[in-house]
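Colleague: Numbering (our numbering), first residue to last: 1 to 532.
No lab work stands behind these hints, which were simulated from the structure alone. For glycine and all other residues, C-beta sits at the position ideal for the given N, C-alpha and C. Hints may be right or wrong, so weigh each one.
[What the hints assert, rightly or not] Ranges between beta-carbon positions, derived for each pair: (1) Ala24 to Arg356: 27 to 33 Å; (2) Gln481 to Leu242: 19 to 25 Å; (3) Tyr210 to Trp365: 31 to 37 Å; (4) His453 to Val205: 53 to 59 Å; (5) Glu512 to Leu242: 51 to 57 Å; (6) Ala24 to Leu234: 33 to 39 Å; (7) Gln391 to Arg356: 41 to 47 Å; (8) Ala466 to Lys84: 38 to 44 Å; (9) Arg400 to Arg445: 25 to 31 Å; (10) Cys107 to Ala495: 38 to 44 Å.
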Amino acid sequence: MTSTHATGEIQSRDRAPGELTLRAAWRWWLPPALVALLLALLCRDPFAGDWDALDYTVLALRGAPSSMLFGRTLFIYTNHYAYKLAHALFRVQPEHAYLLFKYMVICESPLAIIGMWAFARRLSGSRQTATIAALLLALSPFFVIYSGQAMTEIPSLVLLTFGLALHLRGMQERQTSFVLLSAALLGLSVNVRESVALYGLWLVVAPLVYRWKLDARTLGLTVAACALFFVCALGPFALIYLFDVDGYRAAWHGWVASMHMEEAAHPVTPYNFLPLAFFFFVAAPIVFIALPFAIYREWRTRGLSPLFALALIGLIANLSLITHYSAVINGRYQLTGLPGAIPLVADFLLRRAQARGRDLRRAFWRVVVIVSLTALIIGTPFMLFAWPTIQSHALTKEYRARLALLPDDAVIMAGGQTVAVTYYRGLGLGRWDVIGTGGGWPGARLPELIDAHLRAGRRVFVDADARLWFTDSWRGAETRQLVALQDRYHFRRSADALYEIRPRTDATAQDEPHLERLLAKPASKLRSLVRH
Numbered sequence: 001m002t003s004t005h006a007t008g009e010i011q012s013r014d015r016a017p018g019e020l021t022l023r024a025a026w027r028w029w030l031p032p033a034l035v036a037l038l039l040a041l042l043c044r045d046p047f048a049g050d051w052d053a054l055d056y057t058v059l060a061l062r063g064a065p066s067s068m069l070f071g072r073t074l075f076i077y078t079n080h081y082a083y084k085l086a087h088a089l090f091r092v093q094p095e096h097a098y099l100l101f102k103y104m105v106i107c108e109s110p111l112a113i114i115g116m117w118a119f120a121r122r123l124s125g126s127r128q129t130a131t132i133a134a135l136l137l138a139l140s141p142f143f144v145i146y147s148g149q150a151m152t153e154i155p156s157l158v159l160l161t162f163g164l165a166l167h168l169r170g171m172q173e174r175q176t177s178f179v180l181l182s183a184a185l186l187g188l189s190v191n192v193r194e195s196v197a198l199y200g201l202w203l204v205v206a207p208l209v210y211r212w213k214l215d216a217r218t219l220g221l222t223v224a225a226c227a228l229f230f231v232c233a234l235g236p237f238a239l240i241y242l243f244d245v246d247g248y249r250a251a252w253h254g255w256v257a258s259m260h261m262e263e264a265a266h267p268v269t270p271y272n273f274l275p276l277a278f279f280f281f282v283a284a285p286i287v288f289i290a291l292p293f294a295i296y297r298e299w300r301t302r303g304l305s306p307l308f309a310l311a312l313i314g315l316i317a318n319l320s321l322i323t324h325y326s327a328v329i330n331g332r333y334q335l336t337g338l339p340g341a342i343p344l345v346a347d348f349l350l351r352r353a354q355a356r357g358r359d360l361r362r363a364f365w366r367v368v369v370i371v372s373l374t375a376l377i378i379g380t381p382f383m384l385f386a387w388p389t390i391q392s393h394a395l396t397k398e399y400r401a402r403l404a405l406l407p408d409d410a411v412i413m414a415g416g417q418t419v420a421v422t423y424y425r426g427l428g429l430g431r432w433d434v435i436g437t438g439g440g441w442p443g444a445r446l447p448e449l450i451d452a453h454l455r456a457g458r459r460v461f462v463d464a465d466a467r468l469w470f471t472d473s474w475r476g477a478e479t480r481q482l483v484a485l486q487d488r489y490h491f492r493r494s495a496d497a498l499y500e501i502r503p504r505t506d507a508t509a510q511d512e513p514h515l516e517r518l519l520a521k522p523a524s525k526l527r528s529l530v531r532h
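Using the sequences and the accompanying hints, generate a full structural model.
Modeller: Below you can see the structure in the form of structure tokens.
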């Protein structure tokens, strides 16, 4: 009874005329938006971001879709035309395009928080709940990290949160145009990041949750919204596949084959729930802990409410990640489900704080302090673990100078800087070939592949820089296979840690690369933390 009364007080104090508009409520959403922008600037990546960011940059320059899943066309072509405009107006060169794309994402980070606020405000009817929800997202370590990279996470959250907010308005005001427009927006968000497609479930359950009469009009609108969602979500992929844009079919089937190889190397097992839970906890510790209690309390007090339904969809979105091997090695995927789960937890925390005899203002500030301190206590150690990996991206930026020391058509094994070779080749700065890591690593066929390159007259090099090779998991297996090459080939030092691989018959190549020292490198701190 107390919590119900608290909820009523929160909502009754929050439904003044005009207060639902963003302009009237700027004092509430501006602080978390500024926090997000400040953290994005402070923690921005020293280069473009993760490996995918470099692929996206090259594809955006070419104006070609990604081979990953549905092509990520909206993200890539938005960047493509932004670059063309920047090049025409300011003569931005291809090697600086990553800066444009990265700072576009940085500028979008406060927009994602504003979208989160608008969505939670519509969902809960409370400015206080919406502000807490926005703060929970803004302080997520993964949100902070990827708001400073040229990646898809933040742009997808912008479209997702504003799309959901618009759909809620359409449902609450029974505005057909808003329902259809939001369905299109949610569908388009799939062309930035495919995992948000699970929020399409909301289009189906929303009329039930809002107790709409299931007549012909409701069914027709729901079918039309779902159809529009699927057209906007899958239409671009269907077009580029059917018309084979830039040889897309071959690239897409190549990606599918590489995914099968990766999945074979990293099979999905029940053990995967452990790193999945760990990353969920790091992404939003309060949400991870409070969500089960919030779901239970919401079901008992309100039943199938909008807060309850969207929290379940968000939870399903994150749990579904167990089917993909990448979810156990990178926590950024947890950002997908957070927008759905966060509003319910924010509402639950505020009601709990107010139920303890505090007025709304004191309850709100108590929750804000708890959220901030928890983010500081949990997020800071994780950021310290992750920071060396983030800073290592600067090596990719510097790797261009090292590639300049090689013949223009050399073959190189660059370990963790494989992406640098493909990136600078994609910019047209060289024609290097690479024996890559992960799905591109030949395994036991490594000597056979090297011999084939040597017979073809190609010069093959290995970069023995210890920063590029690792000893944990599958990366350790690759390093051990690299070390074994010392028993089969001779080596000639070219520069720094670069060694040319020569046949045993080449008596002029007598340098010792001492590759065995790579095995003495300790495992990654972040990966060790996840494993334990």
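Colleague: Hints first: check each against the structure and report whether it holds.
Modeller: These are the hints, each one checked on the structure:
1. Ala24 to Arg356: 27 to 33 Å: holds, 30 Å
2. Gln481 to Leu242: 19 to 25 Å: Because 41 Å falls outside the window, the suggested range is violated.
3. Tyr210 to Trp365: 31 to 37 Å: holds, 32 Å
4. His453 to Val205: 53 to 59 Å: The hint (53 to 59 Å, Cβ to Cβ) holds, given that His453 and Val205 are roughly 56 Å apart.
5. Glu512 to Leu242: 51 to 57 Å: holds, 55 Å
6. Ala24 to Leu234: 33 to 39 Å: Because 38 Å falls inside the window, the suggested range holds.
7. Gln391 to Arg356: 41 to 47 Å: holds, 43 Å
8. Ala466 to Lys84: 38 to 44 Å: Check passed, 41 Å falls within 38 to 44 Å.
9. Arg400 to Arg445: 25 to 31 Å: Since Arg400 and Arg445 have Cβ atoms about 29 Å apart, the given range 25 to 31 Å holds.
10. Cys107 to Ala495: 38 to 44 Å: Cβ of Cys107 to Cβ of Ala495: about 40 Å, so the range 38 to 44 Å holds.
When each numbered hint is compared with the structure, a violation occurs for hint 2 only.
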